[in-house]
Amino acid sequence: MNAPSLPGPLNDNPRLDLWVSFPAPGKVVVNTGRVELGQGVLTAMAQVAADELDVAMTRVSVRSGVTDGMPNEGYTAGSQSIQFGGLAMGQACADVRALFIDHAARILACGANELSVRDGAFFRHGAATGHDYWTLAPAIDLSVNASGLARRKASADLRFVGQSSARTDLPAKLFGDDVFIHDMKLAGMKHARVVRQPNKGACIGTIDEAAIRRAAKGAIEFVRSGDFLAIVGDNETAVELAGGASVNHVTWTNVETPTPLQQEANWLVQRPVIDRLLGPPEPSDAQGKQRFEATYTRGYLAHASISPSCGLAQFKDGHLTVWTHCQGVFPLRGALARMLKLDASKITVHHVQGSGCYGHNGADDAAADAAAIAMLMPGTPIRIRWRREEEFIFEPKSPAMLVKVRALVDADGKPSDWTAEIWSGNHNGRPGGGNALLAGYALPDQEPLPQANEVPEAAGGGATRNADPLYDIADKRIIHHMVTETPVRVSALRGLGAMPNVFALECAIDELAERAGVDPVAYRLAITTDMRARAVIEKVAAMANWQANAPGGNGAGRGIAFARYKNRAAYSAVVVELEVDEEIRLRHVWCATDGGLIVNPDGAINQLEGGVIQSASWMLREQVRLDGGTASFDWDTYPVLKFSEVPPIDIALINPTSSDMPLGVGEATAGPTAAAIGNAVSHALGIRLRDLPLTRERIMAALLQE
Amino acid sequence: MKTFDFSVNGKPVSVALHNEDTPLLDVLRNELGLMGTRFGCGLEQCGCCMVLIDGAPEKCCARPVSIITGKNVTTVEGLGTPDAPHPLQQAFLDEQAGQCGYCLSGILISAKALLAANPSPTRAQIALALDGNICRCGSHNRILRAVEKAAAVMRGA
Ligand code: FES
Ligand code: FES
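Here the protein sequences line up with chains A and B, keeping their order.
Letter by letter, the first sequence follows residues 1 to 706 of our numbering.
Letter by letter, the second sequence follows residues 1 to 157 of our numbering.
Treat the hints as calculated values from the structure; they're not laboratory data.
Being a predicted model, the structure only gives us computed values, none of them experimental.
For every residue, glycine included, the Cβ atom is placed at its ideal position computed from N, Cα and C.
Do not take every clue at face value.
Below, computed lysine-lysine pairings styled on DSBU-like, alpha-carbon distance capped at 35 Å [stated by the list, open to error]: (1) Lys-149(B) <-> Lys-217(A); (2) Lys-217(A) <-> Lys-11(B); (3) Lys-71(B) <-> Lys-217(A); (4) Lys-341(A) <-> Lys-27(A); (5) Lys-289(A) <-> Lys-185(A).
A few chain B residues that face chain A, going by a derived Cβ cut-off under 8 Å, partial list only [unchecked claim]: (6) Thr-3; (7) Asp-5; (8) Phe-6; (9) Gly-10; (10) Asp-26; (11) Met-35; (12) Ile-67; (13) Ala-84; (14) Pro-87; (15) Gln-99.
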């Protein structure tokens, strides 16, 4: 018999003691390579572990995000924590429970099937045996590899999974505890700010140290290596003032000055690209069918985390310890090792919570700053916190994208051939591979980097994510032009290419429905045989009391859109109702999601709702402006949706306990929400807007053109 | 060195500073070790640093400590404790209102000020009162529900 295949992260980290331990009577510690980003993953992991081990949830502590003695699960990203990390956790716990049961059966000279576990205690035919995990633990070697043989709990036997569970991390945040990395203090710690290199290749010209010291109104020192310049001091207020002043008192050469033209996605066409064709070649003639073609664009977006990034580091006795709120402590360790020319075994990286990141923000770079300074000041713990403006300007942006949709349409109005042609920068700017940490561009003697690669299709793709419609269309292809140089540094933001791609494809579907004279809901159902897709579309239409062929063009409108995230995670359909005059006011959003087995329903709804609101903010407000530099540098120049602008949102989970397979939900609503807003605006105005964001200026311009 | 006397959460404090323009936020966090009030922007734009100064909600990241001499500052640490939570904190727990939670200290303070001035706000009034607080995670609707709930509890409804 072949050994069963282990879930990916368990296969990569098979030793059971990496996952589970019983450190003290009544206590279970489980380790996850996933980190808490405000998405509630630690709570969900505790639910999974408690169920598989048959212990109360209160016994389980979840440790996460240290590079020593923990599973390496890469990045906490892509809505994969539960879909893959949760499976690994569940199997590891099931295997551990089976080892204990086998051992207890031997001691008691009975069959394993005679035993059961209740809150950690072992029972034989319902009678207490006097044994529990903690009495048996000393005799059981967990430094063995997972077998994957233990059967996971059947859905009917789950007690915690599937129940809404209060987030374990929330109370501390409501009582103002020191939970965030920003609140960490190390003995003898100094504060630091970096004088940021304006762009890769820029060199320090002059430094007016006296002026910066005057601005600091307190003692500071300068630390420099190559073009990496930092200000360090005991008093945070002084280094913050100095950091702000340094912008005007340090000159640079080789400074790039991007123009407003470059902030638009149109600029990407005609740039140097790496081309790929995914799918069959595009037919050269229309075969007598109707042609459809439309172009959709979106600008650069900021993660705009509520808090600027923070990092701490100390280099002591030849060992570097780093504290970070990044999404992947292991990849960061690798990138730091390369940047600092230090063996990875001499580096420990700890995850500490920060504010929500939604992707690759400045966290890794802030950690690298702290590490670079710590190496220059051995022994001294260094804490760096970026200035607000620094986070906006220097965090990696989500790439601008231009998507051309071309379709051939049959006589019955349905598409038979579909092309998505995409121009985009790389969505994978994470450290490692071909990407440096920011400090690495300024430090001397750095090794040249290979060409960075886009996220592979096997991992859901980057710019191509969700460009392939799930609908029944005979021939489909993606033409991907990866633009190799972008005017701003780019990387991963929630859903990567899914939002612009779903916006393009689902607006195009509405345009085709309109041409065919069919209601958008009916049209989608007519080209979808996937039962789960149909179910979310039908459900959301019912929730919103969708009226087929409702008249539009009077300033109020409704739109629907659907996507299955990555075409393999959760299914989501969204209906948006809004009003437009000069501006868009969202009146109501409905969403139906099938995320397979849902570990924590309230947690999933929280994530789905957050995705709706963030996507609405992207659609209505957000674009990074360029004008001689990054001209979006604070909350006035990069506004996001406010409390009074957020609509009521109704979310329904479809069959959350019906399936054994959880499907990632965290990023599922962003694409459908964007497209539903686009379709609702078109319905309200009778004009199609294809360029994002849907600002007042764009709406006015479109209305004037009519 | 200059000394500044004021009170925080009902307790008198005295801090000696070289720079009398040091923002109140830095004093709370770095001199008094009260980390509940968060830094978000330093520009009075995001509301993470919201505190009550003599009962009025104020962003304190750019407020020099010198101007609060003699005044009473309330921070999130002054609201309640896990054993005796403020009704707002309890309502936020009940509604699971928050994701990363970084914005919550400031939002709790803004909400407390609102409910002191208007014990029965409509949802629209709550939203308007929180427009000075940014939540990037999209926890808005839960937060609005939690404030409504706390208002009802505080009214004894
Ligand atoms: S930190 Fe004070 S308003 Fe943002
Ligand atoms: S919960 Fe993260 S910013 Fe509000």
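For each hint, the structure was consulted:
no.: 1; hint: Lys-149(B) <-> Lys-217(A); in the structure: 46 Å, violated
no.: 2; hint: Lys-217(A) <-> Lys-11(B); in the structure: 29 Å, holds
no.: 3; hint: Lys-71(B) <-> Lys-217(A); in the structure: 25 Å, holds
no.: 4; hint: Lys-341(A) <-> Lys-27(A); in the structure: 40 Å, violated
no.: 5; hint: Lys-289(A) <-> Lys-185(A); in the structure: 68 Å, violated
no.: 6; hint: Thr-3; in the structure: 16 Å, violated
no.: 7; hint: Asp-5; in the structure: 19 Å, violated
no.: 8; hint: Phe-6; in the structure: 17 Å, violated
no.: 9; hint: Gly-10; in the structure: 15 Å, violated
no.: 10; hint: Asp-26; in the structure: 5 Å, holds
no.: 11; hint: Met-35; in the structure: 4 Å, holds
no.: 12; hint: Ile-67; in the structure: 16 Å, violated
no.: 13; hint: Ala-84; in the structure: 11 Å, violated
no.: 14; hint: Pro-87; in the structure: 12 Å, violated
no.: 15; hint: Gln-99; in the structure: 4 Å, holds
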